[in-house]
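K.L.:
Line by line, the protein sequences are chains A and B. Oh and the first sequence: position 262 is 262 in the working numbering, straight run, nothing missing. Oh and the second sequence: position 49 is 49 in the working numbering, straight run, nothing missing.
Rather than coming from a laboratory, the hints here were simulated on the basis of the structure. Accuracy of the hints is not assured; some may be wrong.
[Stated by the list, open to error] List of simulated lysine-lysine pairs, BS3-like, C-alpha gap at most 25 Å:
1. B:K117 / A:K22
2. B:K230 / A:K22
3. A:K39 / B:K230
4. B:K350 / A:K178
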Amino acid sequence: MSKFLKAAICLALTAGPAWADKYGLGRPALPEEIAAWDKDIRPDGTGLPAGSGDVWTGEEVFADKCAVCHGDFAEGVGNWPKLAGGEGTLADKDPLKTVGSYWPYLSTTWDYVNRSMPFGDAQSLSPDEVYAIVAYILYSNDLVDDDFVLSDETFSDVEMPNADGFIIDDRIATEHSKWVGEPCMEGCKDDVQVTMRAMVLDVTPEEEGDAPEAAAEPAEAVEEVVEVSLDPALVAAGEKVFKKCKSCHQVGEGAKNRAGPILNGIVGQAAGAVEGFKYSKALRAKADEGLIWDEENLRAFLAKPKTFIKGTKMSFAGLRKDEDLEAIAAYLSSFGE
Amino acid sequence: MSKTFMGKTTSRRAFLRGAAAAGAGAITAGTAKAGTPDPLITEVQPWAAGLGDGVDATPYGLPIEFEDDVIRRNVEWLTADTISSINFTPIHALDGTITPQGCAFERHHSGAIELRKEDYRLMINGLVETPLIFTYADLERFPRENHVYFCECAANTGMEWAGAQLNGAQFTHGMIHNMEYTGVPLRTLLEEAGYDPAGKWVYVEGADASSNGRSIPMEKALDDVLVAFKANGEALRKEHGYPVRLVVPGWEGNMWVKWIRRIEVMDGPVESREETSKYTDTLADGISRKWTWVMDAKSVVTSPSPQSPITHGKGPLVITGLAWSGRGAITRVDVSKDGGKSWETARLAKPGEKMALTRFYLDTTWDGEEMLLQSRAMDETGYVQPTKAQLREVRGENSIYHNNCIQTWWVRPTGEAENVEVS
């Protein structure tokens with residue numbers, strides 16, 4: 001935040017440079033304007049607003065606003081940034097650089113989430129939401145316990161593992177001193193061999209129009225005639241409830257496994273049956289016991305996922321309202337396999 | 001509109017197409033050996049008889065359709081989404097040094113926003129006598145300067161650390177452009193606000209959602225940084241920060257904040273996302289360099305190259321390319337045809353200018369044999385562009401940024417070229 005006041009005092013005491021040749025252009029910035037734009041957070045936490053957020057609130061906010069790109073566990077979806085994991089990989093062939101493994105200052109996470117996230121809806125989070133999200137990211141990186149509350153007070157308690165992992169640019173000493181002077185012009189090497197070819201790796205973008213045929217259209221989805229007639233209003237209500245699930249689950253034509261499995265035909269299906277999806281050990285155990293996702297089991301699971309299957313990797317707090325449970329079951333029933 | 005370029009599996013076919021066209025057309029006709037009269041000369045052509053477009057056909061002109069393959073290109077697998085991504089300048093097809101704005105690479109973190117001049121505000125706050133707000137019109141009333149500078153993304157050539165990967169100068173070296181900027185020295189604006197000498201840094205941020213905040217040492221801010229609003233004589237393009245961007249000569253492109261809206265004088269760096277989690281260079285031991293702002297001397301042969309093969313057979317050949325250094329002017333460029341065994345000094349089109357692209361030519365005769373083409377730049381500090389092996393020895397392969405190694409193109413007797421690494 002602004003150090004203007006401090007600066008003014010400082011100037012009064014030390015008599016700074018004389019600004020004789022000013023153009024008199026522009027106008028003084030108002031305190032409200034500075035407050036609106038000056039949001040940067042310094043490594044020591046300067047600039048943090050008062051507020052707090054705990055890990056569990058953070059998990060909910062994260063699932064709602066961040067998981068669609070960053071994954072339920074901050075593990076990243078597709079090419080989107082992974083925010084957790086990678087500890088001890090920085091010297092590996094392919095280091096995984098995350099908030100936990102790489103970022104030296106916690107202020108950076110707070111500042112960036114606050115200023116630029118969620119992607120496409122920046123500056124929409126309240127300070128408490130930002131504290132909660134950052135708390136959850138720390139928890140996802142095993143840097144705090146699940147009862148941790150991040151606030152402007154506890155901010156400086158957090159130690160970032162890679163805080164000492166940076167040095168200031170030393171190229172002048174380590175590179176420039178070696179690579180100066182008159183270079184060799186003749187007989188610089190005895191032998192030259194091609195050791196690697198880009199065309200072998202073959203990752204350069206194709207000329208348009210020559211791209212391989214797009215993957216064959218998926219076989220026409222066979223819409224099974226659902227025997228039980230569904231209440232259209234209930235299905236519509238379920239579609240709204242499903243928004244809570246969408247960051248991880250897809251349903252309908254062209255659905256793919258995301259952080260969670262495809263849900264086509266889930267109602268009445270055996271648990272753990274979606275091909276190509278990696279289920280938790282806990283869910284696989286239930287599947288082996290013969291769990292069927294009939295409406296009753298599905299509703300019980302969705303009401304309290306972590307109670308129904310202890311150890312499920314579905315990080316969802318659960319649907320509290322009976323009407324939501326009924327609606328989501330109706331909505332999912334409307335999709336055949 | 002369909003766009004074509006030579007690369008990957010299609011290069012052979014495209015190459016043959018190009019060679020066939022050359023054989024049937026102007027190239028043969030232009031040689032003394034032509035046996036039959038050239039119909040392009042002996043027959044009256046439509047363009048010599050009829051009429052062309054009137055003056056207002058294109059109020060703002062685009063390149064002629066025959067050049068519609070000279071465009072920016074993206075490598076889709078690099079990023080999750082084009083909104084936060086990068087594309088590449090078609091340097092293989094350009095000459096001279098000035099990059100036309102329309103094909104100059106783009107790098108956005110939250111997409112290219114539309115910000116009207118009327119809605120533009122620039123704030124200077126922090127350790128200053130009077131925090132100030134400038135409008136666009138205010139900026140135009142300060143004395144302004146013109147300078148040509150290159151802007152290179154720190155990640156240019158970053159995909160080549162672990163091996164020869166992308167087959168084309170556009171993709172290996174196209175995160176660069178070079179424009180003539182018009183703008184107000186940042187120093188002028190800092191003096192207008194009355195900066196406190198205790199302020200050793202300025203933090204600069206953009207108006208877009210990413211903000212792309214960066215900390216710049218005051219010494220640089222007072223030296224040659226420009227608050228620019230024109231490029232190559234006209235308004236900046238939306239994708240380059242219209243209406244106002246920062247120009248930080250010789251330093252990595254990420255610091256050239258677009259849509260710049262705030263400059264804060266501070267006593268320390270912010271350590272923002274763009275200067276900690278990104279734009280830091282991880283060495284082999286896992287320790288990372290930060291504040292690696294300067295772009296070291298670098299060069300590349302732009303033609304012949306994979307997207308610009310030799311289609312004329314042996315005989316006179318122009319080998320050309322670009323060289324630049326963030327530490328000053330380019331003083332010399334050497335070219336090797338044998339993978340670095342021997343070198344010839346190339347001709348600089350003009351004496352090198354500080355922190356601007358320099359065009360070099362080697363006017364030579366091709367014997368039709370294969371070549372391992374390389375270029376090696378030297379700058380006014382005496383620094384010699386290193387080989388990839390030299391760089392890897394110091395940096396390892398995980399540095400991502402600041403890869404300024406010598407590039408090799410393997411030119412075959414057919415004239416085709418490929419991105420390779422050599423021993």
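K.L.:
Kindly indicate which numbered hints from before are broken by the structure, ordering the numbers from low to high.
P.N.:
3, 4
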